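Undergrad: Here is what each chain is made of, one letter per residue.
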Amino acid sequence: MDVKVQNIRKEFARFPALNDVSLDIRSGELIALLGPSGSGKTTLLRLIAGLETPTDGRIFFGEDDASKKTVQERNIGFVFQHYALFRHMTVLDNIGFGLKVRPKNRRPAKAEIRRRALELLDLVQLSGMENRYPNQLSGGQRQRVALARAMAVEPNVLLLDEPFGALDAQVRKDLRKWLRDIHDRTGHTTIFVTHDQEEALELADRVVVMSQGKIEQVGTPDEVYDTPNSPFVFGFIGESNGLKVTADHGGIRFNGKPLNMAAAPDKHGEALLYFRPQDIELIESGEDGLTGSVIATRRVAGTRHVELDLGSGTHVELEISTEQAARIDRNRVTFRPTRWKLFPV
Amino acid sequence: MAHDTLQPDRVTSEGPLARGLLIATSLLFLLLILAMPLLAVFSEALRKGLPAFLDALKDEETFAAIRLTLLVAGISVPLNLVFGVAAAWTIAKFEFRGKAILSTLIDLPFSVSPVISGLVFVMLFGAQGYFGPLLASYGLQIIFAVPGLVLATIFVTFPFVARELIPLMQEQGNADEEAALSLGASGWQTFWHVTLPNIKWGLLYGVLLCNARAMGEFGAVSVVSGHIRGQTNTMPLQVEILYNEFNFMAAFAVAALLALLALVTLVLKSLLEYRFSAEIAASRRH
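Chains as they are written, first to last, in the numbering used here: chain A, 1 to 345; chain B, 1 to 286.
Keep in mind that a hint or two might mislead.
[Claimed, not checked] Here are the simulated lysine-lysine pairs, DSS-like style, with alpha carbons at most 30 Å apart:
id: 1; chain 1: A; residue 1: Lys100; chain 2: B; residue 2: Lys99
id: 2; chain 1: A; residue 1: Lys4; chain 2: A; residue 2: Lys68
id: 3; chain 1: A; residue 1: Lys244; chain 2: A; residue 2: Lys267
id: 4; chain 1: A; residue 1: Lys69; chain 2: B; residue 2: Lys99
id: 5; chain 1: A; residue 1: Lys341; chain 2: A; residue 2: Lys214
id: 6; chain 1: A; residue 1: Lys69; chain 2: B; residue 2: Lys93
id: 7; chain 1: B; residue 1: Lys99; chain 2: A; residue 2: Lys110
id: 8; chain 1: A; residue 1: Lys214; chain 2: B; residue 2: Lys93
id: 9; chain 1: A; residue 1: Lys69; chain 2: A; residue 2: Lys4
id: 10; chain 1: A; residue 1: Lys68; chain 2: B; residue 2: Lys99
id: 11; chain 1: A; residue 1: Lys104; chain 2: B; residue 2: Lys200
id: 12; chain 1: A; residue 1: Lys341; chain 2: A; residue 2: Lys244
id: 13; chain 1: A; residue 1: Lys68; chain 2: B; residue 2: Lys93
id: 14; chain 1: A; residue 1: Lys110; chain 2: A; residue 2: Lys100
id: 15; chain 1: A; residue 1: Lys267; chain 2: A; residue 2: Lys214
id: 16; chain 1: A; residue 1: Lys214; chain 2: A; residue 2: Lys177
id: 17; chain 1: A; residue 1: Lys100; chain 2: B; residue 2: Lys200
Hints in this document: simulated from the structure, not taken from any laboratory. All values derive from a computational prediction rather than experimental measurement.
So that you can see chain A by itself, here it is in the shape it has in the complex:
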């Protein structure tokens, strides 16, 4: 089901957690809300669920205005970071809970509830565990039960709040692939919150980057990685370097020296130049470019990271191949960004 968030504002005791946020989510999409803590991503998720009430604005499920509905009426599936499984119920009773509490006229028969719960247990690959209690399961297993429980009510939209946040690294990676697989098979519109960019980029169809109660950028993983539209997104997703430069007459200067890089001719004055550590070329020391003294080099997997001091307290980090690293001057390196973007100060 389509979900449309329209001019949502949310204040907690006068402190704005979300400020005029609008977002269109397409039916069947797997979408990530990505941002640092305090960016408002969890608040947005809870507003869509109906666990919080917006100060202003509306939320639509399809054509329906969901903002007037209670959490029960919205028919969503919510998965919590710390699972929130009912500890005194078996795995099977947990999964069947949403069906069991339905009013009589919509409640399936007991045998049917059991059948559907077992089916979902199979889907989340926990067959045979139906009589266990939550505290007899590992974290990863618990989260899979929580997902099965949320899917049992055939929700309009599946909402996951940092679903893998409490798990260790290996389990996280496994569950990531597994969630993508489940999503492709069931086709639920799914929104998940994460602060882990790798998770968002690997898993989502589209990523919503949030910061300080606002949406910074919405796009496919490729779009937000390759063409970040703000210094924040540049800095938050992937590694990046930022330099204060001046633009004039189509050229860019750093500390007064020209860089032989073309800027739009209408840009003048101070600007911020952003580029990724790997998007550079090494050039001869006499040519126009950025020159800095080497502070440190680190071997990271198949590449070498070189930290440079460009003067006036500006440090950048470059990522070059080990062969290149063997050839460079140990003390001074000159380079030029190949892919970069200018932002106003």
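Assemble chain B onto chain A, guided by the hints.
TA: For chain B alone, coordinates are given in the frame of chain A:
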């Protein structure tokens, strides 16, 4: 805990002398202050043998006191169960102005002398009290009657259930309830299927303690009772009356019965803890 005594090389464990001294001190203290008086009560009650003990309890006024105590506890404890759960829920799960004040108020019965609690009700509902004459005109008597005893008992024992539940509910947070609501459960279903099972052990402890105190309360009840023999005397009051009449044997018999009730409560609590320790640990952990 057991490991501490087995591994003297741990930094937190003391040398054998200090350990022995500490253990001996606490044991001696327990023996002097707790065990000896308890033993004295029972030995005094049974000094003339079991038949005499039972005869003393069969006395008409004493029997009426036992019945009244059970009645008062039977009304106050269920009411305080409801009040306690409501208060704990309010404090643990909602944010509102004046929450700190409410939280402090719950402790009031613990901090104020029981005599004052009794006097407050006399002032409110007594013959010369604020509401006494009005209620009397409808034929309702509160003070020197069962309603007064129940009110005073409720007041004194109110904190037990709430105090037991508040930290437990705060620790458990709202996530389970939110999960139930998001799955379509109504507020009542959420309480019945999720909240109540989560707090049932804490609730049971609270109720047991509340009950023990409800049966044993003396001060507040003494003020509102009026000491009408066979009518408004609860067991603790009956003990005092019998004692003042130099009927020591009977006084100790009733006292022993009261002490027995307390012991049964404690044993019950320990048994439950032992029997369901795994489940209790699970409900606190998670």
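Undergrad: With the threshold set at 30 Å, check whether the alpha-carbon distance from Lys4 of chain A to Lys68 of chain A stays at or below it.
TA: holds, 14 Å
Undergrad: Between the alpha carbons of Lys100 of chain A and Lys99 of chain B, is the straight-line distance 30 Å or under?
TA: Since the Cα atoms of Lys100 of chain A and Lys99 of chain B sit roughly 35 Å apart, the hinted pair is violated (cutoff 30 Å).
Undergrad: Decide if the proposed pair is consistent with the structure: Lys69 of chain A and Lys99 of chain B, CA atoms, cutoff 30 Å inclusive.
TA: holds, 29 Å
Undergrad: When you check the alpha-carbon spacing of Lys68 of chain A and Lys93 of chain B, does it fall within 30 Å?
TA: Roughly 23 Å between the alpha carbons, so the hint for Lys68 of chain A and Lys93 of chain B holds.
Undergrad: What's the verdict on Lys110 of chain A and Lys100 of chain A, does the C-alpha distance respect the 30 Å limit or exceed it?
TA: holds, 8 Å
Undergrad: Given the hinted pair Lys69 of chain A and Lys93 of chain B, is their alpha-carbon gap at most 30 Å?
TA: Within the cut-off at roughly 22 Å; holds.
Undergrad: Is the hinted pair Lys68 of chain A and Lys99 of chain B satisfied, with a Cα-Cα distance of at most 30 Å?
TA: holds, 29 Å
Undergrad: Is Lys267 of chain A within 30 Å of Lys214 of chain A, Cα to Cα?
TA: Measuring from Cα to Cα gives roughly 27 Å; hence the hint holds.
Undergrad: Within 30 Å, alpha carbon to alpha carbon, are Lys214 of chain A and Lys177 of chain A?
TA: holds, 29 Å
Undergrad: Please work out if Lys341 of chain A and Lys244 of chain A have their alpha carbons no farther apart than 30 Å.
TA: Since the Cα atoms of Lys341 of chain A and Lys244 of chain A sit roughly 12 Å apart, the hinted pair holds (cutoff 30 Å).
Undergrad: Need the status of pair Lys244 of chain A, Lys267 of chain A: alpha-carbon distance at most 30 Å?
TA: Holds - the C-alpha atoms of Lys267 of chain A and Lys244 of chain A are around 14 Å apart, at most 30 Å.
Undergrad: Against the 30 Å threshold, does the CA-CA distance of Lys99 of chain B and Lys110 of chain A hold or violate the hint?
TA: violated, 43 Å
Hints 1 and 7, counting from the list given before, are not met by this structure.
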